[in-house]
Each structure stands twice: as C-alpha cells, then as structure tokens.
Amino acid sequence: MTEGQSTFKFPVEMEKFQAPRTEINRNAHIKYPLPTEAESQTLRRVAGTLPLVSFSLCFVELAERASYYGAKTVFSNFMQFPLPEGGNGAGATPWGTQQTAGALGMGLQTSSALTLLFVFLAYVVPIFGGWWADVYVGRYKAIMVGVVICGIAHIIHIIGAIPSILQMGPSSAAPPFILGLLVLAVGAGIFKPNVSPIILDQIRHKKAYTKQLKSGEKVIVDPDATTTRTMLIFYGFINIGAFFMLATTYVEKYVGYWLSFLLTGVIYLLLPVLLLAVRNITYREPPSGGSELSRAWKITTTALKGNKFQVWRANFWDAANPITLRTKGITVDWTMDSVNDVARTLGACDVFLFFPIWNLNVGGIGSVGTNQGAAMITNGAPNDILNNFNALTIIIAIPFLTFVVYPALDRYRIHVGPISRITFGFCLAMVSGVIGTLVQWKVYTLSPCGYYASTCDNVAPISIWWQIPNVVLGAVSECFCSVTAYELAYARSPPSMKGLVVAVFLFMNALSSAVGEILIPVTKDPWLLWIWGAPAVALALQTIIFWVRFKRLNNDMDRTNHLHYSECEVTGNGQAPLEMR
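Residue numbers (the numbering used here): 5 to 585.
Don't read these hints as lab results, they were simulated from the structure. Glycine included, every Cβ here is placed at the ideal spot set by N, Cα and C. Mixed in with the good hints there might be a few duds.
[What the hints assert, rightly or not] Here are the simulated DSS-like pairs of lysine-lysine, each with C-alpha atoms no more than 27 Å apart in a straight line:
1. K312 <-> K332
2. K332 <-> K302
3. K211 <-> K222
4. K35 <-> K218
[As the list claims (entries may be wrong)] Beta-carbon label-pair distances, calculated as ranges:
5. Q102 <-> V152: 36 to 46 Å
6. A412 <-> N462: 44 to 54 Å
7. R556 <-> L450: 42 to 52 Å
8. T114 <-> A412: 45 to 55 Å
9. P86 <-> G351: 46 to 56 Å
10. P411 <-> N284: 30 to 40 Å
11. P411 <-> D461: 47 to 57 Å
12. L308 <-> T114: 38 to 48 Å
13. V420 <-> T214: 20 to 30 Å
14. R417 <-> N344: 20 to 30 Å
15. G384 <-> L450: 17 to 27 Å
16. N383 <-> I548: 40 to 50 Å
17. N462 <-> G351: 51 to 61 Å
Make the full structure from the sequences, and use the hints.
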C-alpha cells in the first residue's frame with residue numbers, strides 16, 4: 005500500500021462506514037508517530053511518498069497540457085501570417101525558404117490581441133471553475149465537465165483548419181478558429197483550477213511524523229516538503245506535456261495546421277480514458293455547499309467594516325474576533341480558528357498580486373516572442389520552436405531540484421522558504437526580460453528594415469537560437485515561482501476553498517493578459533524594445549518591494565493544512581468523507 009492511501013477497499017458504501025474515530029486515531033499514532041520536541045529540532049526533514057493515484061492524475065494533467073499547449077503554440081502564426089506563397093495551401097511553407105507558416109494574415113496586433121484574449125479567458129474562468137467545484141459539484145465532476153468542453157473545442161479547430169476552408173480566405177477560416185479558441189479557454193478554465201488540489205487531496209496524512217529509513221536514519225516526514233515535491237512533480241508533468249509543442253510546430257511548418265490540430269485532438273483522447281480508469285480509487289473532497297465560503301466572506305466583510313476598510317492595520321483581523329464581537333453584543337457563527345484560516349488564505353492571495361508583472365517577463369507580452377523569432381534566421385526551424393525549450397528546461401530542472409538541490413539543502417539544515425524561492429524566481433525572470441530586450445535591439449540593429457523588422461521581407465542576420473537564454477531563464481524562474489505559488493495556494497487554504505484559491509493564482513495570468521491588451525496599440529514596430537524592457541524594469545523594482553513585504557512568511561510553517569486534517573482520513577463524525585458516487 006502506498007504511503008498515505010486509505011486502508012479500506014473500493015468502492016466504499018458510505019452509510020456502512022462507521023469506524024470509531026478514537027480507535028482509528030490510536031492506530032494512526034502507531035503508524036505515524038508524532039515527533040517529540042527534541043526530534044523536531046534535530047531530525048532531518050524529508051518528503052513523503054506520492055500515492056500511485058496522484059501519479060495517475062499527473063498523467064491526466066500531462067495529456068491535457070499537451071493538447072492545450074500543442075494547439076496554443078501555433079495560434080500566433082495561424083493568425084498573424086497569411087498562407088505562404090508557394091506553400092501547400094494548408095499553412096505549410098515551401099521547403100528551403102525563410103518563410104513562416106500562417107493562415108489568416110491578421111498581423112501582429114490582431115494576433116497578439118486574440119492570443120491575450122484567449123489567455124485572459126483561460127485564467128478568468130477558473131474563478132468560476134474553482135468556486136463551482138468547491139461549493140457544488142466537487143473537483144472530479146468539474147474536471148470531467150472541463151474535459152468535455154475542451155474536446156468540443158479541439159473538434160472545431162480540426163474542422164476549421166481543413167485546407168479547403170483555409171483556401172477560402174479569412175472570412176471562412178477565422179470564425180471556426182475563434183469559436184474554438186473561446187470554447188477551449190472556457191473548458192481549460194474549468195479543468196485547470198481543480199487538478200492540483202485533487203492531486204494533493206490524495207495525500208491523506210497531513211501531519212509531520214517520524215519514520216526510519218532503510219539506512220537506519222530516523223527522519224521526520226514533513227507535509228510541507230511533501231507538498232513541495234508533489235507540486236514539483238506536477239509541474240514537471242505539465243511541461244512534459246507542453247513539450248508536445250515540438251511536434252505541432254514542425255507539423256504546421258512542413259505539413260499544415262489540420263494535422264497540428266488533429267494531433268492535439270488525438271492526445272486529448274487520453275483524458276477521459278485516464279480519468280475513468282482511476283475513478284473508483286480517487287479520493288474526492290465533497291463540495292462544501294457554500295457554508296464555509298459564505299462564512300469566509302462574512303469574516304472578511306466584518307473585518308473590513310470594523311477597520312473602516314483600512315486593510316493595512318496590523319491588527320486588522322481582530323475586528324472579526326468572536327470574543328471582541330461578543331463584547332459588543334454581536335453573536336457570530338465562527339471561531340477564531342476560522343478567522344485565522346481566512347487571514348492565511350488571503351495572505352497567500354496577497355502574495356499572488358505580485359505575479360502579473362512576473363508573467364509579463366516570462367516569454368514576453370502576447371506574440372512578441374514568436375514575432376521576434378520570425379524576424380531572425382531560422383534555417384528551416386519553425387519560428388515558434390523556442391517555446392519548446394521552455395518545457396524542455398523545466399523537464400530537466402524539476403528532477404534536479406527535487407532529487408539533488410532540495411535534499412542537499414535539507415541535509416545541511418538549510419531552509420529555503422517560499423518567499424526566498426519566489427524572490428529568486430523573480431530575479432531570474434527579470435534577467436530573462438533584459439536578455440529579450442537586448443535580442444530585440446540586435447534584431448532592429450541588423451535588420452535591413454531597421455526598427456520595422458516585423459514586416460520586413462528579409463530577416464535580420466542573427467540566428468533564432470539567440471532566444472534560448474531568454475527562454476531558459478524564464479523556464480527556471482517558473483520552477484521557483486509557479487511551483488511555490490501552487491504550494492501556497494493549497495497549503496494555506498481550508499479544504500472548502502482550495503480550488504478557488506488556486507483559481508485566484510491562475511487569475512493573475514488574466515491580469516497580465518489585460519495589461520497586454522492595454523499595450524496592444526504600441527505592441528508594434530518601432531516600440532518593441534519598450535515592450536520587452538519596461539516589464540523587466542518594473543519587475544526589478546517589484547522584487548525589492550516583494551522581499552521586504554513578505555520575507556516574514558519564510559518561517560511561517562503554521563500552514564492551514566495542518567489544522568484541518570486529523571491523523572487519518574476520517575471526519576469528526578466517524579465517516580470517511582469520500583464522494584464515491
């Protein structure tokens with residue numbers, strides 16, 4: 005049996021499961037002995053084992069991201085550039101030319117606007133998707149609904165990319181493409197906020213305990229370290245899937261868009277198969293019905309009113325303290341623990357507010373990265389191929405961090421807190437943005453058309469591979485920033501709000517896209533140096549503010565997670581909270 009899995013067999017009939025809580029807790033203390041105070045100070049902390057069902061759900065995420073990114077990476081060229089002259093009429097380029105694959109010929113600004121709209125919707129809808137799952141249907145059912153909607157989107161894209169439709173012109177090819185783009189954003193928005201929470205839900209033991217390794221060393225299995233490792237693995241699976249972009253970018257250039265979208269549709273078929281295969285062994289946190297979410301809202305509004313909306317007050321949450329309210333003759337239905345939960349949850353959301361500017365530095369705004377590559381020498385490589393190096397870098401970096409860097413730091417008792425990791429990631433992204441600016445300056449300097457390189461018939465004599473440092477640094481930055489943010493979103497929120505809090509983090513991508521949409525009028529030659537450089541300068545200033553403001557959270561190990569789970573997967577009334585229907 006994998007560590008953290010339940011001891012009972014599936015399927016479980018809920019009404020028959022009436023195990024006495026005290027007896028199970030007694031057995032849990034035997035299997036998971038709590039560390040003494042002395043052991044907590046001296047023993048090395050290690051991550052726990054990831055249950056097999058969590059790995060299976062990671063494969064679900066892999067397949068979904070493969071189809072999502074496989075399609076998204078060819079969107080820019082599909083919209084920006086026309087069908088290549090002398091091509092096969094399916095969007096592919098003639099062999100041996102520096103032309104770029106394309107279909108609709110809408111230009112950089114329209115391409116960037118629609119790409120940003122897609123990203124905006126894909127990260128706004130999760131607010132609804134996370135809330136809907138938390139309150140009404142549960143995460144598994146919400147994921148299945150998202151799968152169905154995305155499946156419809158992939159079918160629409162395949163039909164819209166049929167060569168005969170593309171050859172009829174943008175008036176015929178654009179409507180199905182844009183419809184598929186919008187439907188895909190909605191489906192992904194329902195799917196995405198619920199995957200990482202359901203994966204972490206499978207790790208049922210949420211408190212630190214001691215165990216003896218095969219080497220004889222006694223260690224503490226730390227739930228925070230387990231969460232960090234799980235999210236690193238999860239993010240690694242995301243980018244293994246994202247590496248599927250390599251296939252679709254080459255196919256668009258040498259075969260056509262119909263096959264690019266067909267490949268993403270085929271890989272997408274793995275999702276329902278994998279989800280149904282693990283249906284009966286997946287732990288499903290039941291929806292809250294809205295009570296806890298409503299209580300969190302009441303606590304927040306009470307604190308706001310009590311402080312006259314002065315959110316910067318050090319004792320801000322004291323205004324919602326039940327004891328304080330009782331002295332005023334006000335009776336409420338929450339405890340101080342509930343107030344602390346909401347405070348920690350909103351504290352995590354406060355951290356997320358610093359991510360939109362970071363997002364603008366990872367890959368550039370809109371389609372500027374792909375546009376930059378199109379103005380450089382490709383020698384047969386697709387101009388959007390560099391997107392694959394983002395995924396490849398993360399695939400290499402994740403195991404290195406998981407099995408080399410973090411264990412080595414633990415061995416020497418070096419604690420690298422979440423704020424330190426995010427701050428380091430911000431620094432990497434800032435350098436990445438500076439490199440993107442320098443490459444764009446070089447393109448402008450060497451292009452036959454100078455500062456109007458994007459629409460030039462000839463490319464600048466500089467290799468597209470100069471984009472690699474920008475992409476690699478941005479990818480490594482994600483390993484520190486995104487992974488830690490997922491960890492904070494889950495670990496610092498109560499069970500009934502995990503999907504919603506993950507959605508709040510994802511919503512930061514939508515804010516980045518909104519900023520990008522605002523900048524669309526100047527996202528063109530000759531202003532692209534500013535489009536690359538300004539976000540890097542802003543991130544440099546923001547990083548200093550972020551560190552000063554949040555460095556205290558580095559040692560805040562009192563995660564909300566630990567307060568909501570007992571030593572086993574049994575609720576207070578003795579019933580297992582499994583939604584096995």
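To see whether the hints hold, each was checked on the structure:
no. : hint                      : verdict
1   : K312 <-> K332             : 17 Å, holds
2   : K332 <-> K302             : 17 Å, holds
3   : K211 <-> K222             : 17 Å, holds
4   : K35 <-> K218              : 16 Å, holds
5   : Q102 <-> V152: 36 to 46 Å : 41 Å, holds
6   : A412 <-> N462: 44 to 54 Å : 50 Å, holds
7   : R556 <-> L450: 42 to 52 Å : 48 Å, holds
8   : T114 <-> A412: 45 to 55 Å : 49 Å, holds
9   : P86 <-> G351: 46 to 56 Å  : 50 Å, holds
10  : P411 <-> N284: 30 to 40 Å : 34 Å, holds
11  : P411 <-> D461: 47 to 57 Å : 54 Å, holds
12  : L308 <-> T114: 38 to 48 Å : 42 Å, holds
13  : V420 <-> T214: 20 to 30 Å : 23 Å, holds
14  : R417 <-> N344: 20 to 30 Å : 28 Å, holds
15  : G384 <-> L450: 17 to 27 Å : 20 Å, holds
16  : N383 <-> I548: 40 to 50 Å : 41 Å, holds
17  : N462 <-> G351: 51 to 61 Å : 53 Å, holds
Of the numbered hints listed earlier, not one is contradicted by the structure.
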